[in-house]
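J.: Following the hints, position chain B with the ligand against chain A.
Line by line, the protein sequences are chains A and B. Residue numbers 0 to 388, in numbering that gives the first Met the number 0, belong to the letters of the first sequence in order. Residue numbers 0 to 202, in numbering that gives the first Met the number 0, belong to the letters of the second sequence in order.
None of these hints come from the bench; they were simulated from the model. Any given hint could turn out to be false.
Calculated pairs, DMTMM-like style, for lysine to aspartate or glutamate (alpha carbon to alpha carbon, straight line, at most 20 angstroms) [as the list claims (entries may be wrong)]:
hint	chain 1	residue 1	chain 2	residue 2
1	B	Lys4	B	Glu27
2	A	Lys238	A	Asp310
3	B	Lys4	B	Glu130
4	A	Lys140	A	Glu204
5	B	Lys4	B	Asp133
6	A	Lys140	B	Glu103
7	A	Lys140	B	Glu171
8	A	Lys387	A	Asp310
9	A	Lys140	B	Glu107
Here is what each chain is made of, one letter per residue.
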Amino acid sequence: MAAAESDRTTVLRGHVAEAAAELRARGLGLELDQDPTAIDRWLDLRAVELMRSCTIPLEYVDEPIVAGPYTYDMTSCLEHVVTIEELSYGDTGFMLACPGPLMSGVTVGALGDTSQRKGYYERVAGREPTWTFFGLTEPRKGSAATELEATLVPEGDGYRLSGTKRYVGNAAFAQLGVVFCRRAPGPLGIEAVLLDTDEPGFNAEPIPTVGLRGARISHITLDDVRVEPEQILGFKTLKSTRRGLVGAIRTLQRFRPVLTGTALGLARAVLDHVQEQRPGITGTDRLRLEELRDRVAAVRQRNYQVASAIDAGRVRADHIAGVKTRAAELAEGCTLLAADLLGPGSLVTDPWLNKAYRDARAFEFMEGTGHIQRLAVFQGVYKGTFLKD
Amino acid sequence: MTTLKPPAPAAVTGLPEFAALLDGCHEEAAPGALVVSRGGHTVASALRLRTGVPVPGSSGTLAVASGGPPSAGRELVAFADRLVRLHRAAVHAVLDQAVTRLGERTSEGTSLLNRQLVQGSVADVALALSETQDLLALPSLTAAGLRRAHADLVRAGRTVLKLYGAHSLTSEGPGPVLYVAELLGNTYLHLGSEWGDTGDGSS
Ligand SMILES: Cc1cc2nc3c(=O)[nH]c(=O)nc-3n(C[C@H](O)[C@H](O)[C@H](O)COP(=O)(O)OP(=O)(O)OC[C@H]3O[C@@H](n4cnc5c(N)ncnc54)[C@H](O)[C@@H]3O)c2cc1C
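Next up, chain A with everything else stripped away, as it sits in the complex (with noise of 0.2 angstroms):
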């Protein structure tokens, strides 16, 4: 049996589903797989409002969020799980092109010290909505960010950093955002950096997509940005083995359930989008629906345990690389199914699914692959923990 949900929970995925349901109303997620900028044209929505928040400590925020009698900043992975999965069941896209913190907001918060703390909380926080972006991928690292290539070069008393990331959502379009580069040789010389996109040297261009176009992902190029050492996170406070790649590797772990609950988001919009389309739904073809219901239905669950424990400070990387691994793969499934059950020419007659089944193939890359995920699960397997609850 499932576990229930608290009322608190409740509350909070009711609250989100209704900002969810007006990106559906509005077809805003075609508005924006046609023109990625149009986000720019609905910034006073709900959803905008909710992914603005979400994540930065009540402290900083002068109208949280307030839903029945409960108060979210959705610091909590579960709640942070809760509400992105609603959003993307909305629109994957038009959830990911929203301002706000996003990945480089955990790095903050895991890495930096109070005063890089406040300086980024504050300023995404602020009226003006400002976008954001984590720079971890290379042209030519990926799956191996641990062999990235940027450097980080001192120079008087602060540094030069150059380079090229790519695939990093948002960042032609962000004001600031988080570049890991190497100041030493070696997965310990990776440091964290708070880069803000408007000095000189930093240029980022966006990377057509033939899916998942709200993800705005762009190509950036670092020539010789000048870094004083504060945008170094955790310069003061941390010893350098404590700081890039364990903010690296706590972002990616922290996020993974996050991505779990975008992809399943998406799945249960996919096959709700097929009921509606075919209410009378029979025979196979309704055991097929069925099936991949209760396999959706089966993940979410484990995904809202592996986000639970990571609250109460279980971070278990097999669970984690085990969720994502089956909701990527559930994703894509989801809307093959859906282009053969909506029956011949479904992805020329029907534009929703016609996204829906180009978007469903970026989680297989987002946070790992499911190669990489494989290697954490077969590590969970070898050490006797990934079967055990």
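T.: Relative to chain A, chain B with the ligand alone:
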């Protein structure tokens, strides 16, 4: 029915080339005309199908038109046969380029091609391509067989795209070609479509 030579994988390099080869499939199946699916849809290059609307995600290279009377069964089967061969050539081309690309990318001092999980995926795609080739050589292959071959190629295509990482999602990567191949199958070779077996084979 004569089977013309399937396209060489090396010819399927990008969307414009794929679109031209698709027009060739139409021409071979219905000389001088475009094949209309049972559902009344026609997908061809935007250059050939000037009255159509752009196919989303095809960067304007393909167009779709709806509402025409379906083509004759014989033309549909001939077209389906060519579509599957084009799809197969596309997956083959994407596999060949994946092997080259993975050989050039490194982690922990070795090429990604040395990773056994990667090798397994490469082998799975190659096995699917080989089986499809054998199926397509069967004189008894029915329309239903063609539809199954298409479904196999969709699965193999998804596997090989994963080997490109995020590059496969970009407009310049191999994703768009395999996406339009899938869309064409959904339009003309759909498992649930009513055109069934015409009994006139495919090869
Ligand atoms: C929509 C989207 C949004 C993204 N957003 C961001 C972002 O905001 N910030 C950011 O930094 N990055 C982002 N990424 C990039 C993402 O993190 C990378 O795509 C991912 O890490 C994989 O890297 P790669 O694409 O270079 O593939 P590669 O690492 O080159 O992988 C190629 C193939 O080799 C396999 N492989 C690689 N290493 C191994 C191994 N050791 N063992 C077995 N198989 C292996 C992979 O599984 C894959 O099949 C985003 C990607 C997408 C699609």
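J.: Are the hints correct? Go through all of them and say.
T.: Hints, verified against the model:
1. Lys4/B with Glu27/B: Roughly 11 angstroms between the alpha carbons, so the hint for Lys4/B and Glu27/B holds.
2. Lys238/A with Asp310/A: With a Cα-Cα distance of about 25 angstroms, the restraint between Lys238/A and Asp310/A is violated, given a limit of 20 angstroms.
3. Lys4/B with Glu130/B: Given pair Lys4/B, Glu130/B holds - Cα atoms ~18 angstroms apart, limit 20 angstroms.
4. Lys140/A with Glu204/A: 19 angstroms, holds
5. Lys4/B with Asp133/B: 15 angstroms, holds
6. Lys140/A with Glu103/B: Holds. Lys140/A to Glu103/B sits at ~11 angstroms (cutoff 20 angstroms).
7. Lys140/A with Glu171/B: 19 angstroms, holds
8. Lys387/A with Asp310/A: 19 angstroms, holds
9. Lys140/A with Glu107/B: Given that 20 angstroms is the threshold and the Cα spacing comes to 11 angstroms, the pair holds.
In the structure shown, a violation is registered for the earlier hint numbered 2 alone.
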